[in-house]
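Fit chain B to the known structure of chain A by using the hints.
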Amino acid sequence: MSLVVSLQHFIFVSAILLSLGVYAILTRRNAIMVLMGIELILNSANINFVAFSRFGGMDVNGHLAAIFVIFLAACEAAVALAIVLNIYKQFNTVNVDEVATMKD
Amino acid sequence: MNMLSLYDYIFYFLAFVVIGSSFVVVFSRNIIYSAFALLFTFFGVAGFYVLLSADFLAITQLLIYVGGILVLLLFGVMLTNKVVDVDIKSSTIKTLPASIISALLAGLLCGIFYVTNWYTVPTNPELLNNTTAIAIGHAFISTWILPFEVASVVLLVAMLGAVIIARREKGPEVN
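Protein chains in written order, with the working numbering: chain A, 10 to 113; chain B, 6 to 180.
Keep in mind that the hints are not guaranteed to be accurate.
[Unchecked claim] Lysine to aspartate or glutamate pairs mimicking DMTMM-like chemistry, simulated, CA-CA at most 25 Å apart:
#1 B:Lys99 - A:Asp106
#2 B:Lys99 - A:Asp68
#3 A:Lys98 - A:Glu85
In case anyone wonders, no lab produced these hints; they're calculated from the structure. Given the structure is predicted, the values throughout are model-derived calculations rather than measurements.
Bound-form chain A, shown alone (with noise of 0.2 Å):
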């Protein structure tokens, strides 16, 4: 593989921030960590999809898969953050290995 970047250099990288991302789900205790390792893995896809609409020949149609992730990613976060408050405000924790109640 020589230097001169192509198709394998970016989805070396997405794959890199993937595995991270999958690093931070599992061993962050904090929720809005997790949340960090999620948005990690969905900005990996989205280098993917890019990349291949350059080099595979998706032309347009792989940056607008892009942008339904962000959307998808924008309303997660928003839901997500809103969940995570509710959360602080029922335990005084957000650490979710200590969330365990379901109905008290």
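Relative to the frame of chain A, chain B by itself:
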């Protein structure tokens, strides 16, 4: 023959920024540092979009991720941590299995990407020479009209849902 152009150097710089700052996001003890490192990750990804000649998407990334989601995450950090105390440290659990899993995942994906003979076609020159906003707008109101409308409804529902969930008065009051 394989001379590196400016494009390649910019790519390697951006890859360094993206991967380095996402390492800081994942491994930093302080959640505020993680949030600010995420800023650099998003900027680097926007730079990737520019390199991939997706100008509209780069601007969207800056507006929505940096301007919206990151600010929202910072608000979440500020509202749910005792910022006045020094209690913004974020602990980790099960680091060993998680690092094994994510290292395996990265190795597997990179191996697959390396051995696969990717089918690439030369990009449509119309896309490279014009701004993509025109093509994206046309695609939005022709082929992708239904997902576009559904996305608008989803945004509305998410906004209302977030307001309703966050406003619900229930349980023992804090303070």
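Hints, one by one, checked against the model:
no., hint, verdict
1, B:Lys99 - A:Asp106, "holds (12 Å)"
2, B:Lys99 - A:Asp68, "violated (42 Å)"
3, A:Lys98 - A:Glu85, "holds (20 Å)"
Checked against the numbered hints given earlier, the structure breaks only hint 2 and satisfies all the rest.
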